[in-house]
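S.K.: The sequence shown: position 128 = 128 (the UniProt record's numbering), numbered continuously.
It should be emphasised that the hints constitute simulated quantities derived from the structure, not laboratory data. Some hints here could point you the wrong way.
[To be verified] With beta-carbon atoms standing in for the labels, derived distance ranges: (1) Gly177 to Ala138: 45 to 53 Å; (2) Thr135 to Ser65: 32 to 40 Å; (3) Gly44 to Thr135: 20 to 28 Å; (4) Ala216 to Gly116: 47 to 55 Å; (5) Ser65 to Ala159: 27 to 35 Å.
Each residue gets a CB set at the ideal place from its N, CA and C atoms; glycine is no exception.
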Amino acid sequence: MKGKFGSLAAALAGGVFLATAGGASAAPITGDALMQQFNLIVLGDLDSTSEVEGRTYVGGNLGGSSSTYYTRGSQAPASSYDAVTVGGNITGGYKNINGGGNVVVGGNVENMNLNGGSARIGGTVTGNVNGSKQTGAAVTIPNFGTVFQDYSGSLGGQASNTTFSQNSQGIRFTAGGSDLSVFSIGADLLSSSREIGFSLGTDDHILINVDGSSLASGSILSLSANFLAPTSTIASNVIWNFGDIGAIDFGTEFWGSILAPDAQLTNRNSLNGSVVAAGFTQRGEVHQPLLDGDFPSPVPNDPPRAISEPAIWPLSALAMAAIAVVGFRRRRDDSAAGAVQA
Numbered sequence: 001m002k003g004k005f006g007s008l009a010a011a012l013a014g015g016v017f018l019a020t021a022g023g024a025s026a027a028p029i030t031g032d033a034l035m036q037q038f039n040l041i042v043l044g045d046l047d048s049t050s051e052v053e054g055r056t057y058v059g060g061n062l063g064g065s066s067s068t069y070y071t072r073g074s075q076a077p078a079s080s081y082d083a084v085t086v087g088g089n090i091t092g093g094y095k096n097i098n099g100g101g102n103v104v105v106g107g108n109v110e111n112m113n114l115n116g117g118s119a120r121i122g123g124t125v126t127g128n129v130n131g132s133k134q135t136g137a138a139v140t141i142p143n144f145g146t147v148f149q150d151y152s153g154s155l156g157g158q159a160s161n162t163t164f165s166q167n168s169q170g171i172r173f174t175a176g177g178s179d180l181s182v183f184s185i186g187a188d189l190l191s192s193s194r195e196i197g198f199s200l201g202t203d204d205h206i207l208i209n210v211d212g213s214s215l216a217s218g219s220i221l222s223l224s225a226n227f228l229a230p231t232s233t234i235a236s237n238v239i240w241n242f243g244d245i246g247a248i249d250f251g252t253e254f255w256g257s258i259l260a261p262d263a264q265l266t267n268r269n270s271l272n273g274s275v276v277a278a279g280f281t282q283r284g285e286v287h288q289p290l291l292d293g294d295f296p297s298p299v300p301n302d303p304p305r306a307i308s309e310p311a312i313w314p315l316s317a318l319a320m321a322a323i324a325v326v327g328f329r330r331r332r333d334d335s336a337a338g339a340v341q342a
């Protein structure tokens, strides 16, 4: 018995080493890398009645009436992530997963249609799932929260190197000669603009830091400008960084990738580009293309963080307990041996 217990403890101790080493040595995941793989990232809850063309990540619960995902999965960049990742529960009407996309869910699922893909579900099915599924699966859902807090903060710390032009109707952003043209604009001016224009080539990249200090505490940033001659280049080569804004309402179609890790979003028309939000009430489609793979990475304020792996901790706790017991048994055996010799 002692030998078996010692072997178990040794194996668990090895597990602690491997898990800890694996977590420490894992390549850090950056915000831009995730935005180049996901069309929609919601750190909290998503309530949707619409569709998403590319991959979707929901850290909390996915609810709402019928909604559809991975509608243009064949155009999504290669990735090791599933078509849909949900940390909590899937509730409400049917969630339709197109394009043979796979799904991973940390909690329970109410209703879902799988069109050629499969689902790994950590909990149970409380309604109906059409397609291949596994319930009670051992799944680990990554936490992207700190990754996007870091990325938004890093982008927000970039000094402006270009100025936008303005007239009575709106504003225009023209890319400069640097690898990354950085603009800063007040939320009040952006909200009051009727038109937004861009001048940029396919090799140009633009960062727009939106300053929310002009907004009253708890207020919503309402955006309803029309984009002049919008193109897919704007969706992939422009980041709107809403770092310090808590709520945004998109009343018209919006172009450019959206980074808003602290904001609750609402839309009633299409969003074009990668979208990151704290929470999302989705009433319009989210379209590809995603953030451009060549978007310049600024020097971060802090080193990029590895994504947390919560499944490591139960193993570590068990292993530490086993090691402590083995240590106690060894000390007891040594004491007994000493008494016999005496």
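S.K.: All hints, please: hold or fail.
M.R.: Results for each hint:
no.: 1; hint: Gly177 to Ala138: 45 to 53 Å; in the structure: holds (52 Å)
no.: 2; hint: Thr135 to Ser65: 32 to 40 Å; in the structure: violated (24 Å)
no.: 3; hint: Gly44 to Thr135: 20 to 28 Å; in the structure: holds (24 Å)
no.: 4; hint: Ala216 to Gly116: 47 to 55 Å; in the structure: holds (49 Å)
no.: 5; hint: Ser65 to Ala159: 27 to 35 Å; in the structure: violated (45 Å)
Against the hints set out earlier in the document, violations occur for numbers 2 and 5.
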